[in-house]
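Participant: Start from the sequences and build out the full structure, keeping to the hints where you can.
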Amino acid sequence: MNQTRAIIVSLLIVGIGSRLIPHYPNFTAIGAISLFGAAFGTRRSIAIVIPYLVMLFSDMILNNVIYANMYPEDYKSFIFLYRGALWSYAAFGIIVIFGYTLFRNGVDLSKVIFGALGSSIIFFLLSNFGVWASTGAYSVNFTGLLACYTAGLPFLINQVFGDLFYSLVLFGVALHVFQLKPKRLLA
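Using numbering that gives the first Met the number 0, you'd call the opening residue of the sequence shown number 0 and step up by one each time.
Treat each hint with caution, since some may be false.
Below, computed lysine to any residue pairings styled on SDA-like, alpha-carbon distance capped at 20 Å [claimed, not checked]: (1) K110 to I120; (2) K75 to D58; (3) K110 to I93; (4) K75 to A173; (5) K110 to V159; (6) K75 to T134; (7) K110 to V168; (8) K110 to N62; (9) K110 to D58; (10) K110 to F128; (11) K110 to G171; (12) K110 to F97; (13) K75 to N62; (14) K75 to V159; (15) K110 to A132; (16) K110 to T100; (17) K110 to P71; (18) K110 to L174.
Each pair of labels, with its calculated beta carbon distance range [what the hints assert, rightly or not]: (19) N63 to R4: 33 to 39 Å; (20) G105 to Y70: 16 to 22 Å; (21) N1 to I156: 34 to 40 Å; (22) T142 to V8: 44 to 50 Å; (23) D107 to S76: 47 to 53 Å; (24) V139 to V48: 32 to 38 Å; (25) L108 to N140: 38 to 44 Å; (26) L116 to Q2: 27 to 33 Å; (27) I60 to Q2: 40 to 46 Å; (28) H22 to L116: 32 to 38 Å; (29) N104 to G135: 30 to 36 Å.
It should be emphasised that the hints constitute simulated quantities derived from the structure, not laboratory data.
Built from N, CA and C at the ideal position, the CB exists for glycine as well.
Facilitator: Now the structure itself:
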């Protein structure tokens, strides 16, 4: 297996694993994988496809196996995408674009930290907007939107820690252990 394939498979395993193993809500590797693909990928399609594959595979398992066993009354048929999923998926696409912009002139520690924080905020804003807009759980006015964002704050905190942790690990391993160069890895 060549280096590019090995890295892509590793990212998929880390991403899916980070969603399936017991973890704090939103403490996953998907934001970091989105940034990593943007920094090291020469083809945008690969950088965008990897987080989407992670989400699709892990969502299929979560929705149709894990949650279906935990809440059988709510999960009676096969669920491809949960309500509001498109907002979360869109957030990771925007995070890849954000990463391309951030890392276009190279990668350093401050950019990785800023990228992790930025990706957490992007995901928080879009995913919570999606919950507000598509679930009916909140009143469809500014007060409802504010209540939705307020309820999401604990998840944002976990997301920040998860994005920082996984970004520092992924970028640290790539840059310092394997001495990889940005934009030459995922060709």
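Participant: Determine for every hint whether it applies to the structure shown.
Facilitator: Hints and how they fare:
1. Note on K110 and I120: the hinted pairing holds, with a Cα-Cα distance of about 15 Å set against a maximum of 20 Å.
2. Distance hint between K75 and D58 is fulfilled; the C-alpha atoms sit about 16 Å from each other, no more than 20 Å.
3. At roughly 17 Å between alpha-carbon atoms, K110 and I93 fall within 20 Å of each other, so this suggested pair holds.
4. Pair hint K75 plus A173 does not hold up; C-alpha atoms about 43 Å apart against a cutoff of 20 Å.
5. Of the pairs offered as hints, the one joining K110 and V159 holds, with about 15 Å between alpha carbons and a cut-off of 20 Å not exceeded.
6. Distance restraint check for K75 and T134: the Cα-Cα separation of roughly 18 Å lies within the 20 Å cut-off, and the hinted pair is therefore satisfied.
7. Of the supplied pair hints, the one linking K110 and V168 holds, its CA atoms being roughly 14 Å apart against a limit of 20 Å.
8. Proposed proximity of K110 and N62 is contradicted: the alpha carbons are some 34 Å apart, above 20 Å.
9. Distance check on the hinted pair: K110 and D58 sit about 30 Å apart at the alpha-carbon level, beyond 20 Å; violated.
10. Our distance criterion of 20 Å between C-alpha atoms is broken by K110 and F128, whose separation comes to about 26 Å.
11. For the given pair, K110 sits about 13 Å from G171 by alpha-carbon distance, which is consistent with the 20 Å threshold.
12. About 11 Å separates the Cα atoms of K110 and F97, which keeps this hinted pair within 20 Å; it holds.
13. Between the alpha carbons of K75 and N62 the distance comes to roughly 10 Å, so the proposed pair stays at or under 20 Å and holds.
14. The hinted pair formed by K75 and V159 fails the criterion: a straight-line CA distance of about 34 Å is larger than 20 Å.
15. Between K110 and A132 the alpha-carbon distance is near 32 Å, which puts this suggested pair outside the 20 Å criterion.
16. For a cut-off of 20 Å, the pair hint linking K110 to T100 stands: about 11 Å separates their Cα positions.
17. Simply put, K110 and P71 have alpha-carbon atoms about 44 Å apart, too far for the 20 Å limit, and the pair is violated.
18. Pair hint K110 plus L174 holds up; C-alpha atoms about 13 Å apart against a cutoff of 20 Å.
19. Checked against the hint of 33 to 39 Å, the pair N63 and R4 fails, with Cβ atoms roughly 28 Å apart.
20. For the pair G105 and Y70, the beta carbons lie near 46 Å from each other, so the given range of 16 to 22 Å is not met.
21. In this structure the hint that N1 and I156 lie 34 to 40 Å apart at CB holds, the actual value being about 39 Å.
22. Between T142 and V8 the beta carbons are some 46 Å apart, a value that agrees with the proposed interval 44 to 50 Å.
23. Separation of D107 from S76 is about 48 Å and conforms to the stated range, judged on CB atoms against 47 to 53 Å.
24. At roughly 34 Å, the beta carbons of V139 and V48 sit within the given window of 32 to 38 Å.
25. Roughly 42 Å separates the CB atoms of L108 and N140, a value that falls within the hinted 38 to 44 Å.
26. Here the CB-CB span from L116 to Q2 is close to 29 Å, well matched to the stated 27 to 33 Å.
27. A hinted range of 40 to 46 Å for the beta carbons of I60 and Q2 is inconsistent with their spacing of about 28 Å.
28. With their beta carbons about 19 Å apart, H22 and L116 fall outside the hinted range of 32 to 38 Å.
29. Distance hint check for N104 and G135: the Cβ-Cβ separation is about 44 Å, which falls outside the suggested range of 30 to 36 Å.
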